[in-house]
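Could you slot chain H onto chain U? The hints should help.
2 protein chains.
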Amino acid sequence: MNAFIAPHDPKLDLVLDREIDVPVELVWEVWTTPEHLMQWFCPKPWGVTACTIDLRPGGAFNTTMRSPEGEEFQNSGCFLDVVPLRRLVFTDALLPGFRPAPKPFMTGILTLAPIAKGTRYTAMAIHGDEDTRKKHEDMGFHHGWATALDQLVEHIKTKLG
Amino acid sequence: MNAFIAPHDPKLDLVLDREIDVPVELVWEVWTTPEHLMQWFCPKPWGVTACTIDLRPGGAFNTTMRSPEGEEFQNSGCFLDVVPLRRLVFTDALLPGFRPAPKPFMTGILTLAPIAKGTRYTAMAIHGDEDTRKKHEDMGFHHGWATALDQLVEHIKTKLG
Numbered sequence: 001m002n003a004f005i006a007p008h009d010p011k012l013d014l015v016l017d018r019e020i021d022v023p024v025e026l027v028w029e030v031w032t033t034p035e036h037l038m039q040w041f042c043p044k045p046w047g048v049t050a051c052t053i054d055l056r057p058g059g060a061f062n063t064t065m066r067s068p069e070g071e072e073f074q075n076s077g078c079f080l081d082v083v084p085l086r087r088l089v090f091t092d093a094l095l096p097g098f099r100p101a102p103k104p105f106m107t108g109i110l111t112l113a114p115i116a117k118g119t120r121y122t123a124m125a126i127h128g129d130e131d132t133r134k135k136h137e138d139m140g141f142h143h144g145w146a147t148a149l150d151q152l153v154e155h156i157k158t159k160l161g
Numbered sequence: 001m002n003a004f005i006a007p008h009d010p011k012l013d014l015v016l017d018r019e020i021d022v023p024v025e026l027v028w029e030v031w032t033t034p035e036h037l038m039q040w041f042c043p044k045p046w047g048v049t050a051c052t053i054d055l056r057p058g059g060a061f062n063t064t065m066r067s068p069e070g071e072e073f074q075n076s077g078c079f080l081d082v083v084p085l086r087r088l089v090f091t092d093a094l095l096p097g098f099r100p101a102p103k104p105f106m107t108g109i110l111t112l113a114p115i116a117k118g119t120r121y122t123a124m125a126i127h128g129d130e131d132t133r134k135k136h137e138d139m140g141f142h143h144g145w146a147t148a149l150d151q152l153v154e155h156i157k158t159k160l161g
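So the protein sequences, as listed, match chains U and H. Under our numbering, the first residue of the first sequence is numbered 1, with each subsequent residue one higher. Under our numbering, the first residue of the second sequence is numbered 1, with each subsequent residue one higher.
Everything labelled a hint here was simulated from the structure, so no lab data went into it. All values derive from a computational prediction rather than experimental measurement. Heads up, the beta-carbon is just placed ideally off N, CA and C, and yes, glycines get one too. Hints are not guaranteed to be accurate.
To be verified - Here are some chain H residues the structure puts well away from chain U; computed CB gaps all over 12 angstroms:
id, residue
1, PHE41
2, PHE73
3, VAL82
4, PHE141
5, HIS155
To be verified - Here are the simulated BS3-like pairs of lysine-lysine, each with C-alpha atoms no more than 25 angstroms apart in a straight line:
id, chain 1, residue 1, chain 2, residue 2
6, U, LYS157, U, LYS117
7, U, LYS134, H, LYS103
8, U, LYS103, H, LYS157
9, U, LYS157, U, LYS11
10, U, LYS103, H, LYS135
11, U, LYS117, U, LYS11
Stated by the list, open to error - Distance ranges between label pairs, derived from CB positions:
id, chain 1, residue 1, chain 2, residue 2, range
12, H, MET1, U, ASN75, 20 to 26 angstroms
13, U, THR111, H, LYS134, 36 to 42 angstroms
14, H, PRO84, U, THR111, 40 to 46 angstroms
Same shape as in the complex, but just chain U:
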């Protein structure tokens, strides 16, 4: 059953849309395997020290991020839609098993498409209101997600190439 995904709203959403020269299959692999995701998901010198991926609707998507000073931040959420090699939707508005979360912030929508060069990679963060979108932008969405994508491509080329 195909899911309904919110249409893009520039007032509420932040988008990273880029063509990258690595194949869709490997992008999917490094997004859905904890040992790979931990290597690229956070812009260095931040890092990911723990990751749980239960790849099904309602399944856990948890990460623990560590600051350069060693402080740790746990993020808990779940997947909403999983279309292998094409789309991954997850949110922090619901905990694993669809239980409402204490501090909803965003839903993430990753869309992949094969192209001659490799992959068209579209990552979108959708929010419930303009203030939350702005807060996310001020936290450094554009630089952060672009840097993580650079790390993803580098990781694929050096470890899976």
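What follows is chain H alone, placed relative to chain U:
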């Protein structure tokens, strides 16, 4: 792909579990068709004056409830898991299309099973913390959901029987 549903937690969840003498197919029909749902979903003298059902993950589940004094309350949410005749999961923590909602309150899990008598009907409201569970209980969960179920059975027997 089977979804992962949160295990029952008595501290966070409210449950209505009953055997009813109407068949699973008709229970599913009156839960998933706006013109039927509007007839039983709110304990009278409250009523439902509008309903949108887009029966797929991320699809809208919106209702407008009207108090006996004529005041209207709009509820917006979406479906998370749809297993025809067996399970329906929906939440108000996400708007249609999985966009985070302003005021998350609960996720609803309806589970149906055919039995000799008709249907075993289990409706669960799961919450993010004990305060929200208590608030829902104080709002009259047990009486309200039980009365709505009486109305559901009556509606099936008189209109679809």
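Hints versus structure:
1. H/PHE41, annotated as away from the interface, keeps every beta carbon of chain U farther than 12 angstroms; the closest lies near 21 angstroms.
2. For H/PHE73, the shortest C-beta to C-beta distance to chain U comes to about 19 angstroms, beyond the 12 angstroms cut-off, and the non-interface label holds.
3. A cut-off of 12 angstroms between C-beta atoms contradicts the statement that H/VAL82 is not in contact with chain U; the least separation is 6 angstroms.
4. No Cβ of chain U comes within 12 angstroms of the Cβ of H/PHE141; the nearest lies about 15 angstroms off, and the non-interface call holds.
5. In this structure H/HIS155 is separated from chain U by more than 12 angstroms, as the shortest Cβ-Cβ distance comes to about 27 angstroms.
6. Between U/LYS157 and U/LYS117 the CA atoms are separated by roughly 14 angstroms; this keeps the pair inside 25 angstroms, and the hint holds.
7. Restraint check for U/LYS134 and H/LYS103: satisfied, since their Cα atoms lie roughly 19 angstroms apart, inside the 25 angstroms limit.
8. Among the hinted pairs, U/LYS103 with H/LYS157 is inconsistent with the structure: their alpha-carbon atoms are about 43 angstroms apart, more than 25 angstroms.
9. Annotation: proposed proximity of U/LYS157 to U/LYS11 is violated, straight-line Cα distance about 35 angstroms (limit 25 angstroms).
10. Between U/LYS103 and H/LYS135, the direct Cα distance comes to roughly 18 angstroms. Compliance with the 25 angstroms bound is thereby established for this hinted pair.
11. Restraint check: the Cα-Cα separation between U/LYS117 and U/LYS11 comes to about 31 angstroms, which exceeds 25 angstroms; the hinted pair is violated.
12. Separation of H/MET1 from U/ASN75 is about 23 angstroms and conforms to the stated range, judged on CB atoms against 20 to 26 angstroms.
13. Our hint of 36 to 42 angstroms for U/THR111 and H/LYS134 holds, since their Cβ atoms are close to 40 angstroms apart.
14. Roughly 27 angstroms separates the CB atoms of H/PRO84 and U/THR111, a value that falls outside the hinted 40 to 46 angstroms.
Going through the hint list in order, the structure does not satisfy hints 3, 8, 9, 11, 14.
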